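Top line first, the protein sequences correspond to chains A and B.
Numbering-wise, the working numbering puts 219 at position 219 of the first sequence, and it's gapless, one number per residue.
One gets the working numbering by counting positions in the second sequence from 1 and adding 1000 to each.
FYI, nobody ran anything at the bench for these hints, they're computed from the structure.
Nothing here was measured: the structure is a model prediction, and the numbers come from that model.
Fair warning: there could be bad hints in the mix.
Claimed, not checked - Computed footprint of chain B on chain A; a stretch qualifies when at least three of its residues, placed anywhere within it, have a C-beta under 8 Å from a C-beta of chain B:
id: 1; segment: 41-47
id: 2; segment: 51-58
id: 3; segment: 62-75
id: 4; segment: 83-95
id: 5; segment: 146-156
id: 6; segment: 189-201
To be verified - BS3-like cross-link-like pairs, simulated, lysine-lysine; straight-line CA separation at most 25 Å:
id: 7; chain 1: A; residue 1: K67; chain 2: B; residue 2: K1097
id: 8; chain 1: A; residue 1: K67; chain 2: B; residue 2: K1048
id: 9; chain 1: A; residue 1: K182; chain 2: A; residue 2: K67
For glycine and all other residues, C-beta sits at the position ideal for the given N, C-alpha and C.
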Amino acid sequence: MTQFRKLVFGIAAAFAAPWLFLIVLPAIGYQTLGPIPYNKDKGDDLDSAYSFPLTVANLSGQTIYKKEGCVQCHTQVIRPAQIALDAWRRGAGQNQLENGPEPVRATVLRDFFGEKHAFLGVQRNGPDLTNAGYRFTNRMDVHMHLYAPRVKNPWSSAPSYAHLYKERTIQGQSAGKALPLKGTQYDPGHGREVIPTPDAELLVDYILSLKKDAPLPGSKSAVAAAKK
Amino acid sequence: MDPDTDSLRRAAIDRSVKGPVLFLFTNAAFWLMASTLMGFLAAAKLLKPDFIADCAFLTYGRMQPAHIAALVYGWGIQAALGVALWLMARRTANELKGGQGTLVALGVLWNVAVTYGIVSILAGNQTSIEWLEMPKAVWIVLGIILLVFCWRILSMAARTQRSEGFTITTWYLVGASLWIVWILWTAIALLGGNLELGAIGAGISAWYVHGLILLFFVPVGVGAAYYFIPKITGQPIHSAQLAQMGFWILAVIGGWTGMQRYLGGPLPAWMPAVGAMAGVLLMIPVGVVGINHHLTTLGQHKMVAASPTLRFTFIGALFYPVSGIILALISAFTTGVNLQFTHAWYGYQIVAVYGFFSMAAFGAIYYIVPRLAGCEWLSVRLIRNHFWFSVYGIGTIVVTSLVGGVQQGSSINDPLQWDQGFVNAVLSGQPYMAARCIAWALILWSNAWFLIHLLLMVAGLGRRSSAPTLLTHGHEEHLPEAANA
């Protein structure tokens, strides 16, 4: 009996340490974090009327992202430039064409404020989506990726989310929001069209809202100090 | 104690756990087959996304988590509970005193909950929290059932009268029973409620995954190996000191690992750093256990060929150090950066849950079921078939996932490809996906036969014989008594 008690006590003591310090305390600590106000005096471009983070991702659209399991192939993590290439890749941030003068900044804890659970992702079978909002110039491009992924990139391994779209017979004028599928392998045929459901619109809202690159308060002054 | 009373006592213990254990094993084997099928479909969809494109439930984003959920909750935990229940009863010489009906009823509830959870994932209603994709209500049901099962297992250990009841196997099983309840209920409390946790939540889910592997599947598998290897080779565990050391280092380090999953990510940097350190340090307990198992088997490799139980346990014990090395590779800073977010992660999950734990569980099942069902395995050929297809299939999946992961990761991190989009990362992975597909198909074949074989045994249609089914002939006379016990 005492042997059993000793064993249980030992196991509990060994496990309580990581449980408390790695899980419970950080979870409580996170609740006390707040946004950081910008400060012009410290070199920020924005004044104290603004605070970091500037935006929250579109949460109702995130539900669809979650339900479809997009995390299985897409991450939302940009690792710091000193350890990985994420931040230098074309399309990683605002600059979509050229190799920018500076890498995109790495994701930080406060980027996920307002999200109950950050969907950081399981694997990268597709590109990182941290700043996907900049990558698409209009809604229709996102719809086309979701419905007809292999029109733009024939090698893509993305599934077609056809169940988020509705195929129907064109009545009179083709609807403005119908997908431009003519001539592609997804062409619904003559007199037919494909339009997004509300869920598809929500998902597109979410993807376009992904812009986690608001300037970090005080980071510029830190860069300036480092250059001196 | 004279041998007759001893075997009567063993028979009484076996009878007392028969219902729940056989129930868990058969249902687990069903789920294993379901998981294998879904693993095949998920790999096929990643390779050819337009393959049966009209079915939403077949998309990779749903199929992959359903595949893992079936592997972990349908097969893994059920098989582990069955093994743990039997091992603990035998080890501590306790009969399961009453409540068998309740345990079977809870087993039914477990399967209903897992079925509901997996159907929910496939129907497009998942949480997208890794390894916890099933709806939150399911977590709570599973948590309550685990509480009861682990309570029964622990109370047997608490009641044990004999000092030899407290061997290393008992330690591992006590640990596993405590840890899984603790880990799962922590996840339920933190991730299942309305708490906003942002990136910390992602870290906790990574910790949960590693905790379930390292502090539940590993201890049950290692505990079973520590029981069956000496039992069948007839040699005592080589070193009691190594055994204790391996256990306590795992107990101390195991809980710290997991968050290296998001190395360089938005978590406070110390959290992934601690996880990475723990992931590498775990090589020590893994190595210690590996050496101990090796030294215990040394000189008795003939038995590995002959005994199905020892053969599966032995290969599981080989996969254990492999899983430790892979964990260290994906954790260490230099290699982890390239392996992060690639197929290597899948490789690790499979080598740990299937390559190591499931092989050890198969070994245990081949030993336990004849004793509970009162008949012997029907066919040597079916066991061999199960063994070789599993070993080659899992080996293929692990190797291709690792190599594919290196390719994928180095393509993502290749400065020369900074403007190449994702084309190379996708194309270079495809051959490995094809291999994964074929491997799951082969495993599906062997698992189907395993299931049929097991069902026949449970139905009492096995061989009526007092001699166990061995895989080689002509050496039976050299087997020590223990192999037949």
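We went through each hint and held it up to the structure:
| no. | hint | in the structure |
| --- | --- | --- |
| 1 | 41-47 | violated (count 0) |
| 2 | 51-58 | violated (count 0) |
| 3 | 62-75 | holds (count 10) |
| 4 | 83-95 | holds (count 8) |
| 5 | 146-156 | holds (count 5) |
| 6 | 189-201 | violated (count 0) |
| 7 | A/K67 / B/K1097 | 44 Å, violated |
| 8 | A/K67 / B/K1048 | 22 Å, holds |
| 9 | A/K182 / A/K67 | 30 Å, violated |
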